[in-house]
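**Student:** Chains as they are written, first to last, in this note's numbering: chain A, 1 to 127; chain B, 1 to 123.
Some clues are possibly wrong.
One side of the interface only, derived from the structure: several residues of chain B facing chain A at Cβ under 10 Å [said to hold, decoys possible]:
1. Gly45
2. His78
3. Ile101
Treat the hints as calculated values from the structure; they're not laboratory data. This structure is a prediction, so every number in the text was calculated from the model and none was measured. By construction, the Cβ of each residue, glycine as well, lies at the ideal position given by its N, Cα and C atoms.
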Amino acid sequence: MAETREVERPLSPHLQIYRPQITSISSILTRITGNALIVASLLIVWWLLAAATSEAYFRVADAVLTSWFGDLVLVLSLWAVWYHYLAGLRHLLWDAGKGLELQTAERLGWACIIGSVVLTVITLLLV
Amino acid sequence: MRYLTARKRAEGLGSAGSGTDHHWYMIISSVGLAFVVPVFLVAFGRALGGDRAEVLASFSNPAMAILTGLVIFFGLRHFAAGAQTMIEDYSKGLTRKVLVIFVTILSYGMIATGLFALAKIAL
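Chain A with its partners taken away, still in its complex shape (with noise of 0.2 Å):
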């Protein structure tokens, strides 16, 4: 009968060792912005409610959404919203079974970040 050994085989590339590729970043930054932007979803419900609720309450949640904190996280969320839907136009992209050649899922992954930073800053302009 075969003894059964131990045998060394190579340990799949650690994340903390990986060298980092736009291809994993952005990938990973798809489902960082995604999620994230459950909190400007609660504050923009929670004054909308308070909002149809009353003078008083639309006060105190008007007060957190226009603070400097407020602006901070609505800001960085409209980031969020644009890289996530241009990241989401890749994966429909992909599921499509096109733009999977390297270079050019390497260039859509640059093209996600630049035109998340382009699309914010015309929002911006227009609001």
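Using the hints provided, position chain B relative to the given structure of chain A.
**Tutor:** This is chain B only, laid out in the frame that chain A set:
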């Protein structure tokens, strides 16, 4: 005993037990959101900062009320489905169940709250 062949029972379902429904829902909701989110971002950004009368006037507009309702409903369902994928990637057993139940309840709770507020403002 159900009179189904083994193949018929398994067809289209895969290891998740619900086939590709979850992924397909992400695709449908993302395409829908791609149309309404950019308009909402600008419309909401313009409404924010006004006093209560101005905010109520903005969201009383039928187009704005419908747009916001769509963003709240599909945005939060899209969130719950996406968050569930993350939870299933990083947790297992009871923790996974509790977290999935939590995000599902959270999303429906926020949808109900948001739509109630919109209805009260717009109607």
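**Student:** Decide, hint by hint, whether the structure agrees.
**Tutor:** To see whether the hints hold, each was checked on the structure:
1. Gly45: 3 Å, holds
2. His78: 8 Å, holds
3. Ile101: The hint is violated - B:Ile101 has no Cβ within 10 Å of chain A, the shortest such distance being about 16 Å.
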